[in-house]
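Visitor: One letter stands for each residue in the lines below.
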Amino acid sequence: MILGAITWQALADGLGLGAIYALMAVGIGLVFGVLRLVNFAYGQLIMAGAFALAVAAERGWPRWAGIALCFGVVLTLSFAMERLVFRPLRAHSPAVMLVATFAVAFLLQSIALLWFGPLGKIASSLAELNQPVTIGDVDVRKITIVSIVAAVACLVSLLLLLGRTSIGLHMRAAAMDFQTARMIGVDANRVIGAAVLVSGLLAGVVAVMLTVQTPLVTPDFALRDTIVVLAGVVLGGMNRLLTATLGGFAIGFVSGVLGGALPTDQSQYLPSFLFVAVILVLLVRPGGLFARGRDAAVQRV
Amino acid sequence: MKWATLLGPAALVAAAGLVGSLFERSTEIYFINSLVALCVVVGLYVFVGNSGVLSFGHVSFVAVGAWTAGVLTIPAEEKSALLPSLFPWLAERESGNVVSLLAAAGVGAAFAAVVGLPLMRLSGLAAGIATFAVLEITHNVLRYYEKIGPGTTAFSSVPETTGLVQATIGGLVAVVVAYAYQRSRFGRQLRATRDDPAAARAVGISVYRQRLWAFALSGAVAGFAGGLYVHLLPLTTEEVYLNLTFITLAMLVIGGLTSLWGAVVGALAVGGLDSFLAEAENGVGAFGRTLDLPAGSRIVVVGALMALVLIVRPSGLTGGRELRLWRTG
Amino acid sequence: MPEPALELRDLSVRYGAVEAVRGLSLVAERGEVVGLIGPNGAGKSSTLHAIMGVVRAAGGEILVNGASVRGRRPEAVARRGIALVPEGRRIFADLTVEENLRLGLAGRASREGVDDDLTWIYSLFPVVQEFRKRTAGALSGGQQQQLAIARALVARPDVLLLDEPSLGLAPTIVDAVFEALAAIRERGVTALLVEQRAQRTVAFADRTYLIANGELRLTLTPEQADDTSTMVAAYLS
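From first to last, the protein sequence lines are chains X, Z and U.
Counting from 6, one number per residue, gives the positions in the first sequence under the numbering used here.
Counting from -15, one number per residue, gives the positions in the second sequence under the numbering used here.
Counting from 239, one number per residue, gives the positions in the third sequence under the numbering used here.
Hints listed in this document are in silico derivations from the structure and should not be mistaken for laboratory results.
Incorrect hints may appear among the rest.
Said to hold, decoys possible - Label pairs and their computed distance ranges (CB to CB): (1) Ser190(Z) / Gly254(U): 22 to 32 Å; (2) Val289(X) / Pro460(U): 19 to 29 Å; (3) Val256(U) / Arg185(Z): 41 to 51 Å; (4) Ala164(Z) / Ser171(X): 56 to 66 Å.
Glycine included, each C-beta is placed from N, C-alpha and C at the ideal position.
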């Protein structure tokens, strides 16, 4: 029944959303790998970037300036977060770090509410990408193609960074065993800084792409998406970047496809099914669905 | 006898109630709000403070309790009009105030027990994420399942029985329950698992079972708080979701995660601050100057305060310790 | 007289209320291999961790070539010329052997002479060169131990710290490890060797310190390697 409703259109939407969610998953996964910290405030970074785009559009700035402002704001916030919140808390328990990022998420959202009000602003910089392009007999929005291409480009660059450069090697080692890496001479601050930088760049890219699809930027922009991506990361497997990214992509893909395919009254309870799946995975296969045998059983207590 | 541990929080609660009664309704409402929030925070503390395990999902017990008490106390003749899709056995029933609060606590406890059965095996990050998932699920279900509640619309026609007296008594009840638990063998065993899990296991304490007891009890207190809430405001699902989760967690962290005194101090201090800031948003005279804050700044202040406390003094204002008087033991 | 490569003065290490090391003083001159033996829980690993900056020294001094490294972060200590071969090897199982070696470069002061050093390291541990492209996790225990030492040597350290390198290894592999240590000593690298195998260490090292219960009990020379009764008495004191 469902399969009949899946059109090429829906598949394209799924790929586009999956691409964006994959990038968000990488952003969250990189910082988690190195700091063992789930940055609940990642969505707010994207929101800040989106507001930057909106403000630039409002003032009639040229497109490149808006995008530059977006990246500037996101990177500044990312580093501020690392310096002011993550670093002092590095020695504390994961529970305290979790609460702290939750607090930061709320803080940023309420600052945005204060500054911009609940109605939000419009970021219309790349609106023409919403126009469809006809491939064969399917209408695909340009933004979908751009998202996929951008995501692939980012992921390939990331693979090269991690696999071929020494900072990339240091990041991988730090994610596996930070203490030993430090004892060998890997600079903790540099590695963390690199992870935060890349994570921030990805947040900027996502902000640009999401504002095309959703030009209205409100203080809770990307909140829903972040929660869904977090669920995807847990489902895929938090402990490795590859499985986390796959999880993010998968959940984006499924959401995108089902978003069009399911009728409203059936899709209402979709979040519940999603989160039940998250709980099941945490209980039964905490390493994630995509993890190989050895990684699937992670120490829990 | 560690009476100060009970007397301190209880006295503070009673004082809040007394001071609140000196004001007129428009200000009194802040005190009532703070006292009900205090019940939620104490409920949260019963589990988090004693077990050392984080829970982001307690507001789902508040929600469930609120829904129970709300649906039970709407007058029967109005129910058919307001909540047409309600289950018949709920639609026919109408209960009194106290019964609804007890039912709220009971349903909160039952829900927490069911949720806790699988979840109490988890710790740390996994527990945090799993309990967050419970919050999401509860929010999603209550929002759309109109057979058990108003769904997307707000509760209405619920008797507004939570005035200052009910809120204060509710606060005292929560404090007494929390105190009784932490002094009991169950509470002490659970705290042993928090402080030294290996040693506790070696002595034969079942971490899982102690956590489950605490979780269910905290669900009862949280559900009870939900009952108080629904008798205070016309609640929607949004009011028992992320905002409340954040503010009650902030209250507990700022006060001090690991003590009852911390829970009470945090709730009343932050509640007081929040109320003062709410007034400031309407323009208030203080210290000889007028303060006029833009709307929405209060949650920014609370958020910043919470982040600051976590960074500078993670054990909270009270240092996570109970109140001790110098002379008594 | 030049500064000793490594000197500990009155070192104390505390974990909360427990004092793991108390008033420990020892010296390793340039080019010496100095042993550190003692029963389990004597504080041997804690000493190495304190030198490395992984755990804070509660008191005393840690001097490398005369300069203090006390209170520095682990990566800063590593870059001061100290390399640790950790207990249990702690190689990165999911990385290749080559990547593990490349990681060792992080502790190196300058890139000069890397190729020469690698040639020497490969001559010490041919298996490391042979399995360059393999995942490190696929190596046997003894091979991983060789990799761990090789990785430390890549940093061209002034002082090599070894935490129980023979632990869990078959006798022939242990022999190979000690042979490599002899070659390392010949090269002029100073080493602090923490070991459970008391006799072998005392016979091999230029000087061996025996600690028990966090305190220095005895200093032994190679001639005393067969004096087991003295050693046992010190262990049990």
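Visitor: It remains to establish, for every hint, whether it holds in the given structure.
Guide: Structure-based check of all given hints:
no.: 1; hint: Ser190(Z) / Gly254(U): 22 to 32 Å; in the structure: holds, 27 Å
no.: 2; hint: Val289(X) / Pro460(U): 19 to 29 Å; in the structure: violated, 58 Å
no.: 3; hint: Val256(U) / Arg185(Z): 41 to 51 Å; in the structure: violated, 21 Å
no.: 4; hint: Ala164(Z) / Ser171(X): 56 to 66 Å; in the structure: holds, 60 Å
The structure fails to meet hints 2, 3 from the earlier list, while all remaining hints are met.
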